[in-house]
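Quick note, the sequences are listed as chains A and B, same order.
Sequential numbering of the first sequence, starting at 0, is according to numbering that gives the first Met the number 0.
Sequential numbering of the second sequence, starting at 0, is according to numbering that gives the first Met the number 0.
Mixed in with the good hints, there may be bad ones.
To be verified - Computed, partial: chain B to chain A, Cβ under 8 Å:
(1) Ser102
(2) Ala119
(3) Arg122
(4) Ser124
(5) Ser187
Treat the hints as calculated values from the structure; they're not laboratory data.
Using N, Cα and C, we set each Cβ at its ideal position, and we do this for glycine too.
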Amino acid sequence: MRFLLRRLLRALLMLLGVSLLCFAFTQMAPGSFFDEMRLNPQISPETIATLRAHYGLNRPVPIRYAHWMLSLAKGDFGYCIAYNSPVGPLLWTRAKNTLLLTATATILTWLIAVPLGVWSASSRRRLADRFIGASSSLMISVPEIVVAVALLAVAVRWRLVLVGGMVSLGFDDLSLWGKVRDLFLHMLLPISILLLGGIGVVERHVRASVSEILDTPYMNAARSLGIGRMRLLFRHALPVAANPVISLFGFFLAGLLGASLLVEVVTGWPGLGPLILEATLSRDLYVVIAATMLSAILMIAGNFLADLLLIASDPRIRDGEAHAQ
Amino acid sequence: MPGPLLHVKDLRVRYLPESGGKVQALEGLNLEILPGEVTGILGESGSGKSTLASTLLRLLPASAECSGCVVFEGEDLLTAAESKLRRIRGSKIALIPQDPAVSLNPVTRVGEQISEVLRAHLRLSRSERKQRVRQLLVEVGFEDVDRIVDAYLHQLSGGQRQRVVIAQAIACRPSLIIADEPTSKLHSELHCQILALLANTVAQHDTALLLITHDPTILAGFADRLMVMYAGRLIEQGPAESVMRRPLHPYTRALIGLSHGHTSGNRASHLPSIPGEMPNPLHVMPGCRFEPRCSEKMGVCATTDPQTFSPESSRLVSCLKYGN
Ligand SMILES: Nc1ncnc2c1ncn2[C@@H]1O[C@H](COP(=O)(O)OP(=O)(O)O)[C@@H](O)[C@H]1O
Ligand code: SF4
Ligand SMILES: [Mg+2]
């Protein structure tokens, strides 16, 4: 429990830090929205003062920070003065799409990479291990952007998948099956790119920690008791190997989110990626900051999830023992 | 007289470590284990006792090569199919490992770890397995079974861990249990308790026991037969009582003589040792392996490798003194 509390506290502190940084950027941004109005002779200084007061810009910085935090908590993510509306709702639709992509990619990556890693570790130095190892190295060494562009070129050329956007134009008229199919075909390309980037890394880690476990005396003891190969690997070795692998999970999520933003831009997936790009180009500061803040929240939540998994998988941590190995 | 349960013929094991070199860990072992008998294997650290234990179940690391035969129920375990071996391990021959602190899984509950052994060999329902696990825990002397079933390794004391691995070993009522220094990692006060537990269980179920140790005191009054190992060889064997009372080999004499000075009331856990060291297994010299440390050596000992002689009925000894 103390472990959980410590990690919860750490997550909250990280959130606070990120929010302070984001807020600092809004303050550091040169000028304010009303500077341009000042140049307009038709708007009296009194009007501007009233407007500033209305949006709370004349209040001291800590109070403005508190207000901003409040709007964060409400899910508004600050106020976009230009559109006279909160940034939140705009962001949420995009964030949902990013989440759909990253969650699917996460599940698939781990479903594929964990058995591969275990298999590779158990067939040490044999053909399967070498083949899996070489493929992983290749996947790790080729940058995502190259994979993305290559796959995009292939996909467009042979019309294998649907590229651009998330659904086709006539999506609403399709049957349920048609909708699923359409969405699947749109997801195929971005997901494939993310999988190619992630599987190698995860497989490597799983292999390393499982093969370390396979040489331990308790695996020998389990072998001496006649426990079968598959059970030995998945029920005896994997739960112990899970500890370092779960720690990787937090980093993995961070990396995946970054990769996803890029892949969304390349494949035209309507997630946070393209939104951040547009907003940056048009200097729509509040949107950029809100999107950054949202990414940070997703990442911190992912790390916290990893901590929860750690507690669930390792009784030594639950009992507040020092990390064994 | 019934035939032997296990028959080892000319067993040789060599380690080929990655660092290079060859370690001859076992050199032509011949032995028989009879059903229901307690056989003590006595030898200093490094004499190859643990290697013998792993070889009997074909659990040597990949860096080792072995030759010879280990015949169990009419089949050579060294050449049997892996699936056949899996069914023998833990169900017909069980190994109690040397250090229970590292031989149990740190993230799985004790009850499940015992249940795993039952699951691997017997067709039992979930609830039958649960029931059996609790019976086994009672059998190895636990009173608070409820707590132990759900406990993890780090929540147990050394003695409790030892009892848990014993419960795993007896779970399927094997016909042979190999115990590799079952008390060496325990506080000396617990030695008697654990040995009594082992003695009881094997007597009750007529299980043969191969008890490996470097400490002759724990074999007295317990072992039926005694085998003494030195540098990868069996140098003396015979009925335990007769060997203990009147050891023939100079090495056995030294070992047992030392242990007489070391009464069981003495709480120091380390035994006094014979002066000198075992030969380096990387550099094999001609002649008797014990020659450099032997107080009774003769001129021929440095050049002649002693054969095994039988100076009396049921006694075997590898020492040139007994060559006619
Ligand atoms: N995995 C291994 N690789 C290389 N040498 C080993 C290995 N295991 C044991 N040995 C060597 O084999 C000999 C016998 O070791 P062991 O069977 O552990 O003896 P004991 O159990 O009697 O102390 C020793 O010289 C030891 O150094
Ligand atoms: S053969 Fe010689 S050296 Fe070896 S134990 Fe016998 S007497 Fe000693
Ligand atoms: Mg040993």
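*Is the interface hint for Ser102(B) satisfied, with its Cβ closer than 8 Å to some Cβ of chain A?*
4 Å, holds
*Are Ser187(B) and chain A close enough, Cβ to Cβ, to be under 8 Å, as the hint says?*
23 Å, violated
*asked:* Quick check on the hint: Arg122(B) CB to chain A CB, less than 8 Å?
replied: At about 14 Å, which exceeds the 8 Å cut-off, the nearest Cβ of chain A leaves the hint on Arg122(B) violated.
*Is the shortest C-beta separation between Ser124(B) and chain A less than 8 Å?*
18 Å, violated
*Given Ala119(B) was flagged as interface, is its beta-carbon under 8 Å from a beta-carbon of chain A?*
5 Å, holds
Of the numbered hints given earlier, the model fails hints 3, 4, 5; all others are met.
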